[in-house]
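Q: These protein sequence lines map, in sequence, to chains A and U. Start counting the first sequence at 1; every next residue gets the next number (my numbering). Start counting the second sequence at 1; every next residue gets the next number (my numbering).
These aren't lab readings, by the way, just hints derived from the structure by calculation. Any given hint could be a false lead.
Listed next, with one range per pair, are the computed distances between beta-carbon atoms [as the list claims (entries may be wrong)]:
| # | chain 1 | residue 1 | chain 2 | residue 2 | range |
| --- | --- | --- | --- | --- | --- |
| 1 | U | I294 | A | P334 | 32 to 40 Å |
| 2 | U | Y26 | A | M269 | 55 to 63 Å |
| 3 | U | S198 | A | G71 | 23 to 31 Å |
| 4 | U | T7 | A | N116 | 19 to 27 Å |
| 5 | U | R190 | A | D303 | 54 to 62 Å |
In this text, a Cβ means the ideal position worked out from N, Cα and C, and glycines have one as well.
The chain contents come next:
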Amino acid sequence: MNEVTARPEVVAARGIKVTFGAVKALDGADLVIHAGECVGLVGHNGAGKSTIVNVINGGLAPHAGEVLYGGNGGQHGISAARASGVRCVFQELSLCPNLTVNENARIMHAELAGWNWRVRALALVERQLQDIFPGHGIDCDSTIDDLSIAERQMVEIAISFAGLRDKPKLVILDEPTSSLDAGLAAQLMTYIRRFVGEGGSVLLISHILGEILSTSDRIVVMKDGRVVADRAASAFSTRSLVEAMGNVVREQEWLRSTDKRGGEPVLSMPPRRGQGLAFQAHRGEMIGLAGLGGHGQTEMLLDLYLSRNSNWWPARRKEIAFVAGDRGLNGTFPLWSILKNLSIASLGELSSRSLVDRGQEGMLGDGWRKRIEIRTPDMENRILSLSGGNQQKVLFARALATTARIVLMDDPMRGVDVGTKQEVYDILRAEAASGRTFIWYSTEMDEIRLCDRVYVFREGAIVAELAGDEISEKNVLEASFSGGEAA
Amino acid sequence: MKISSGTVRLIIPAASLTLLLAAVFYMQPRAMSYTGLNLLFNLAVPIALATVAQMLIMAVNDLDLSMGTFVSFCACVTATFLQASPAIGVLIFLGAIAAYAAIGVVIHLRELPSIVVTLGMSFVWGGLAVLMLPSPGGEAPGWARWLMTSRPPFVPMAIVASVVIALVTHFLIMRSSVGVLIRGVGGNVRSVERAGWSVIRLRAGTYALAGFFAVLSGIALVGLTTSADANIALRYTLLSIAGVILGGGEFVGGKVSPIGAVIGALTLTLAGSFLSFMRISPDWQIGAQGAILIVVLALRLFLNRLEKREKSR
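Okay, chain U solo, but in the shape it has when bound (with noise of 0.2 Å):
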């Protein structure tokens, strides 16, 4: 039976998760239980959402750089309106998702590069956040703890709220009909246009939908963390960039993977918890967490230019 390119991409980075837990286990078996798992994957949650965000611009063939700032500002007015006056903390996630359809639309109209405006919106998303929570504090919602904290029976609210994540956006992204749309963007603008769709409708939906992802991981992030600070989500960005591309998604070409991106997202956490495992000093963390990654792309390239060989023949 014939594999299918999509299922060959899920295989490095579930491979790639496989072996780092197997690695965390045998040297911390401690980890091997319901509390354990949790603390292991606890931040992973905000991470996965932050990038199936970033995973919706690259699937229309950009790159948002203000995704770190943006998860920072929403984290800030969850701790902050949505705790004290909810509705007003809604109006105020509402305008930002208006905002991010609106970034869509310029983008498109104006054929500009998404790295710039974004780049330029991210000063604007980090001002916002300091101008509301000048020093760290806020209180996240009791819902949103409640949520965060709460322990399902058997599996870690951490493995449960990945695994719905991944499902909800398989289903989004890879069946329903909008998702086709808006992977066709990606793969080719002028065959939807040709086809009759209005292209500056899809691209302002894929970016208000990643606002809405983003929005939801400020959310999740309060949940967990109790409090907010203006740079809580910096490292958002790029963090989210390289679970898209870890998880077998591509910077062009809208080949994107939802489940990819959540496993890569875990895969991102983990390595952090196995860098400490390993007592590998905080200075070196990230220039390791770096190498994990090369190694990681350096597989899926050598993949890829198999089956291109493959296919050749």
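The following block holds chain A by itself, in its conformation from the complex (with noise of 0.2 Å):
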């Protein structure tokens, strides 16, 4: 360790503070980032992975703490993050689609002006490609959009890593092997330990714990915003990791209903692209979709709402009612009152004629408003004048006051603060208890917990059914980084 630490430090990020709204992405985190160190970083979603990532490179500044590059602070911002050697590889794809490889290659490196650019470019990336994936049969001169997901993650790499004049100095790689196979992901681990012994750094994010174990040097632990562990990669164990990364001593907090699978399935599903396990629910279950984010949950979601919806066509009567997670990108509409935005769903029952019935709309929307609290003084009041929280719950109104018997729901819960959240909770237990079933995608292990039964998804299909008091923590996070012994 000693060793380690005398080095120059590239980046140093100290009690770094960065909060949306109730929800505190960061809550003082620290990261030192050392010349010729391979530095993994891990922890589950919403951990602060990507915050603490964005604000490195200068994306976002944060709220509190200090960012140093090369031991020089003051400067903050995508500039000096840039000119100190920061690069970055995102989760999704930064590339621009429209364009050839040598123009994004352009657009990334500056110094790519003048006369001939673009003979240079593709030197460069063709150089670089041949160099981290030898033998990638890529053809530089088609465009992105053209290109296979891996083949877009290999080019995104390559042009980070490429320098013709400034060579980088830390490249963070946000998740880099999520599309590429084994023998690439192999290739590029191989580049990463070269890279670093010529004296560059790497922050790697994976949740492939075994990419991770063996090309770190040492290995970050975040959990809820905070760094909860920082050891030599040697000291970790894929159990050891797991551990670290969630909290596997906190108890059950309640007694969790009888076992209600029995009878017909209210709504099932074939497995996955013919992967992994098949979906099932069951009347009055409440069942959780759990995973890494981005895993198939909402596309499984969408699926099984237009395996009883036509795309083309909407039924009169719907069975299936759906809580939108992104509020301002298919939630709410914005310029409406609570009360319209709340019985828009519902406006098949509440007009006779195909007029609505100001009176029932009104009431229904006073016996909600009293159901779940919702915060306002006059429910004709503009929706957005609420709090996020009650415009959530206004939202899970609008569908709790359809006569669907099924309701599906898009991790609604991000950036709620506790007490709602409790309060929605207590509405959706009483509601399963009332032969309702819940069909839930969320990303945080509280939610998750609460549900009868638990589908975990790895890479777009199903990869293990969790019932009752097997679902826990740990398990869940074991099966979704289960990858991580085979790679």
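Hints are included, so try docking the two chains, each in its own frame, into the full complex.
A: Listed below in structure tokens is the structure:
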């Protein structure tokens, strides 16, 4: 350890705090990266990994704490970070899909200016690709759109590691192997070791623990916006890493109801893409869809919805209601009143001869306002006058006010404070007891533990089914990370 | 050999232009001459320039609904100030281009929808045009008239101008590094931003460039018509958007093609002549023109879907 700390610091972020509304994304996190080391960063969803990456690359200004590049403070921002040799490969692809490979290199490398830049960009990318992924076979004159996902990821990695005059000092790789196969991933890991050996540094974020353990010199574990462990990689094993990420000691908070599996399933689906387990839901069940974010849970919910509703012609009586996760994007009607936002899904029942019965609509609104305690003096107020948590309650009420017996929820509690969450959990439990079925995608472990049964997703397929007391943070984490042992 | 998606996008516009041209020649063989071609494509030059301007705006995921009134305004300036006192005329044009850059800055800074801002600006340009020329009139500057009516050997001016516009803008947008950055903004703003570029400057520059091409469109139009009117180019707004889409461009995603845009403008102009040759009454022409547009766009959608299916396999 002493030998490592003696090296110069490339980036030092200390005491970083970032809040988004009521959510503390980072709560005093420290991350120091030295020259010539590969640091592995692990943690569950919402642990703050991507946020701290964004702070380091200058895209996000921290609300407290300081970021030093190469020991110098003062400036912060994208240009300052780039000038200090910090490059980042993002989790979501950040190439311009409409441009060719060499044009993307031109955007990433401002020094490729001047006459004949195309030829030089082409040579640069081709050399770097050959260096990292020998025998790749990518045509660097083709448009990114025409490449496969794996090829795009390879190109983005190569562009980030490439350098004409100023070689990158620190390359941040956020889930770099998420769409690479095992062979390509191994090539990348070999290259990372070589790059680190030549004095560069790498911050590696991955959910494949095998990669992290074999490639990193040091592993940093984050949880709830803090760094909870920071040790040499040799001090960890897969098991101790999983344990460091989760909180295994937390005890069960309430008694789970009896097994409701019996009789006909109300909703079922064969295994996704012919892989993994099949999906089944029974009356009155609360089913959790767990796993890391973006591993096919939302797609599953949409498919479930479309299996009962036509995409072309809306059914008159809806069997399924949907609670959207991203309020701003597909949840609220921002210009409408609270009441209108609530009643929109049940207008069919509220109207006679195609005209909405205002009296009934008002009664429905008042009923739900009392029941779920929407904190507003008047339901005619604009929906945006409510806090985020209360807006979310309105969206829940919208789904629950319908006659639908099945409710799909797409991680609806994002950014909702704890008090509101508890209130909504109580309502959900009461509704489930009265025979409604809930299918709930959540990235939060506390919510997953409320469910009767949990399906864990990995790479678009259901890889594990947990029921009753098997539902624990440790089991869910193990199932979502289990690819690590194979790698 | 694999065909790139850019080439695929050019096939449909090129094929539809060829088909229309063949149909026109079949119905009216006399159009197959120097004068005939010049007459057919004469009015395509200003439309092509306006289409290129619209394409630039669409390359950064915006839409300009003031294109028609702005070109009318430029036509009025050309027929009055630029003709009478060129220095003031040039100054007005520079001011108009600066205004376009300012619109780009405002749209970017305030995150306003470009449609709303440009729709508002269309009334400003329209009003200014009416102030300058309350009734049709004015006179084209001699050099503009000379340029638009010159008769180069073998190939008529309309064709030469279209080819020059297509090549120059192709180089500017598709080959130069400025063009790469402009299209990058349309493709993935965040990526351009993360690479340390100033998106606000890029957007302002794009709008200014679009303003410049729209100015050229106004001058070319007056060069053809010899006089101007405040409402001379109102239909250019929709024609330019249709031209870009017809030429293989898309509303979002920075997918544009300058050569396609010029071909699209030519196709739209030709569609009008084609319908006249078919003796379709002017009452039905706009509807028929729309039908042609729908057919071409449907074809493209079909090709896109084929391409996607091919890719997912």
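Q: With reference to the structure, classify each hint as holding or not holding.
A: Outcome of the hint check:
Range check, U/I294 to A/P334: Cβ separation about 34 Å, and the 32 to 40 Å hint holds. For U/Y26 and A/M269, the Cβ-Cβ distance of about 56 Å falls inside the hinted range of 55 to 63 Å, so the restraint holds. Hint check: U/S198 to A/G71, Cβ distance near 28 Å, so the stated range 23 to 31 Å holds. Taken as a hint, the range 19 to 27 Å holds for the pair U/T7 and A/N116, whose Cβ atoms sit roughly 23 Å apart.
The hinted window of 54 to 62 Å between U/R190 and A/D303 is violated, with their beta carbons roughly 29 Å apart.
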